[in-house]
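Next come the chains, spelled out residue by residue.
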Amino acid sequence: MTAALRFDPIRLPPECEKLRIEVRAFLADEIAAGTFDPHKPNREDADAPEFSRRVGERGWLGMTWPKRYGGHERSFLERYVVTEEMRVANAPTRRFFVADRQSGPVLLKYAPEHVKMDILPRICRGEVCFAIGMSEPNSGSDLFAASTKATKTDGGFLINGTKIWTSSAHIADYMIAIFRTSPSTKENRRHGLTQFLVDMKTPGITVNPIMQITGQKEFNEVVFKDVFLPDDYMLGEIDGAWKQATSELAYERSGPERFLETYYVLTELVRAIGQNPDTRSAEGIGRLVAQLHTMRRMSVSVAGMLQAGKEPVVEASIVKDIGTIWEQQLPQRVRELAAFVDDTEDSNHATLDEQLAFALKTAPKLTIQGGTTEVLRGIIARGLGLR
Amino acid sequence: METDNIVAETAEKIFTDLADGQTIIAAKNDSWRGPLWSALSDAGLPLSWVPEEQDGSGASLAEGFSVLSAAGRHAVAVPLAETMLAGWLLAQAGIASPADAMTIAPAAPKDKITLDADGTLTGRARFVPFAKAAKHIAVLAANGAAHSIALVDAKACRIEDGHNLSSDDSNTVVFDHVTPLMIKPAPANFNPLSPLLMGIVARSLQIAGALEAMLEITVQYSNERVAFEKKISKFQAVQHNLARLAGETSAALAAASSAADAIANATSFDDAIFLEAAAAKIRCAEAADKGAAIAHQVHGAIGFTSEHILHRFTLRALAWRDDFGNESYWAVELGRLVAARGADDLWPLLASR
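One line per chain: the protein sequences are A and B, in this order.
If you're matching positions, the first sequence starts at 1 in my numbering and goes up one per residue.
If you're matching positions, the second sequence starts at 1 in my numbering and goes up one per residue.
If we strip away everything but chain A, and leave its shape as in the complex, we get:
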């Protein structure tokens, strides 16, 4: 066989179901208390620092990390349950989500001990927000074209250049970024980039918000002018960031956030259509539910492989490829089916229309952020032995 694809039917263990009940109860309390409205994905209040702290208090941040850093040494599958329940409820996770998913694990692996002891417990308490500094004005999917420079100086590095499309930079306490420490070489164009931790309060950093087509200002331009980073904020090997990137991708690419971003329009459609759908509506819903169920089973399967210590990079890329295209198409399919919904006075048509308007505008970004469809298919093709 060529690279055999594996999607074993992994089930979440019983402890996950107990946890799921706890998370649902917690979210129901937060909704009742007015922290957020589960029917409003288009929120101005998406940054919810108090909510973030309460999630931390429940022990749902840094769930898989060692206890000495404030973590809880629970399984990836338990973290999976927390993530999917938060996503389906439209909970305001922006403040902690990147730190918990991605930045914390990078620090765990590459940061010096005292940096870990300083920052990781604060992530676990829900106190700090992270941004990811990858894209630049002339470097998007082509990550290794990054040119923002880190120049060696006494006791550290001086950073000059610009990162762009940086989500949450305007509220972030830290960024994990890649900067150029050496030119690339003829033999290896990926050489010469180094991963760094950046304290966003460091003098010389300017964050300029960029308005998106949804009306949100969720991403930013981040300008670095002679920004000093101490030596111990360098992460991993100098010039070797490219070696550190690949194994993280499996975590970043296969989670429930890669197919549930527009899920709310499906729930609302089912509500609008009512209990006795016509044939066309029933078929439409049936197909969408079948596709969603399959996505989730694929995603849980990858989570199970990660828990077992495997690195299912190709499978994870497949989950993101299929998942993001599905969540991008979902508002279009719901729009087609919503045309047949009766608009009675007590119907939820207004809610559905409002959600749909937002989801349709959100849709284009879903196959771009965190690795475009084209990049993912390149990775899958490599896994198939085609390049």
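Mixed in with the good hints there might be a few duds.
Here are a few chain B residues that face chain A, going by a calculated C-beta distance under 8 Å [unchecked claim]:
1) 147
2) 188
3) 219
4) 237
5) 251
6) 253
7) 258
8) 261
9) 333
10) 338
11) 342
12) 343
When the alpha-carbon atoms are kept at most 25 Å apart in a straight line, the in silico DMTMM-like pairs for lysine to aspartate or glutamate are as follows [unchecked claim]:
13) B/234 <-> A/187
14) A/40 <-> B/344
15) B/234 <-> A/142
16) A/18 <-> B/271
17) B/28 <-> B/17
18) B/13 <-> A/8
19) B/13 <-> B/261
20) A/18 <-> B/261
Because the hints were derived from the structure by calculation, they are not lab data.
Even for Gly, the Cβ is constructed at its ideal location relative to N, Cα and C.
Following the hints, put chain B in place on chain A, whose structure we already have.
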């Protein structure tokens, strides 16, 4: 999927030895059928799901499902899945399975065979796979709200000629006051939908297996075929098509193996099993459609010839979509179930899996 049990390994070995696609195509006749069926029967595979005390091999549901995955990977065109399903249905009522090939009726969701007061069976079952090749038919018969399970001699029925897309027998079977060889009431906890759900999961596993094979031979072909002075696998457009084929194959594998696992570990055919089975058939059928199109596109004209093995997998995967209710039918049924449970119950149902 790798084989992970001795039953599946046995099946894989028999298929590799006796159901090689190239050999079958070269034979241009049915000479391969006899040896293949004998080997499968000798290994007890057609009666995998019949308990040992009823002369079956008493394999677990999970082991039987893995045989079907292997059968899909080899696009096996003998009534193996059908005999397994028939044996399973008969075993539900404690009826022992005879030797030789069987099939199961009804095979289409809207067909019905009724048990009349005189003890005979009447009705018309369409799209019954391999009915022409079967010696016996396992029948689910309705008698008002009650159900019975019957073993019928195929010769007692009128069986019309018919073929599916890949030219395998798919027949209309007419029961005209047929006296069954054996009939028993279905047990109290028997769900009359369960034979169809078993059928669609079987077909889902076979489709997923066929997609695995399509992916393998298509990747291999793209690494051999040269055009514009390079292997076509080096063209980005071809790579992206193959990546999509891998994605569809993955979705089919995940959906089918999840449904099989769900049934193998279930105590009843409840809403969750219905979701798993229907979703598998819907998603595998969609994957067959998209996947077969890509496999043919990458192969170009050669894949459209009867001499090439590709059609053994593509046409069979497309044909299997239609058996035991196609994806449109099951999507309507699943949509109705989801609507009836209500919007706020959708996520809990999905998350329970």
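Taking the hints in turn, this is what the structure says about them:
1. 147: 25 Å, violated
2. 188: Constraint on residue 188 of chain B not satisfied, violated at 29 Å.
3. 219: For residue 219 of chain B, the interface hint holds, since the closest Cβ of chain A sits about 5 Å away, which is under 8 Å.
4. 237: At about 10 Å, which exceeds the 8 Å cut-off, the nearest Cβ of chain A leaves the hint on residue 237 of chain B violated.
5. 251: 5 Å, holds
6. 253: 5 Å, holds
7. 258: 4 Å, holds
8. 261: Holds, because the Cβ-Cβ distance from residue 261 of chain B to chain A comes to roughly 4 Å (cut-off 8 Å).
9. 333: 7 Å, holds
10. 338: 5 Å, holds
11. 342: 7 Å, holds
12. 343: 4 Å, holds
13. B/234 <-> A/187: Holds, at roughly 21 Å.
14. A/40 <-> B/344: 16 Å, holds
15. B/234 <-> A/142: 19 Å, holds
16. A/18 <-> B/271: Distance of about 21 Å is within 25 Å: holds.
17. B/28 <-> B/17: 18 Å, holds
18. B/13 <-> A/8: Distance ~22 Å between residue 13 of chain B and residue 8 of chain A Cα, so the pair holds.
19. B/13 <-> B/261: With a Cα-Cα distance of about 23 Å, the restraint between residue 13 of chain B and residue 261 of chain B holds, given a limit of 25 Å.
20. A/18 <-> B/261: With Cα atoms ~22 Å apart, residue 18 of chain A and residue 261 of chain B stay inside 25 Å; holds.
Going down the numbered hints, you'll see the structure goes against 1, 2, 4, while the others check out.
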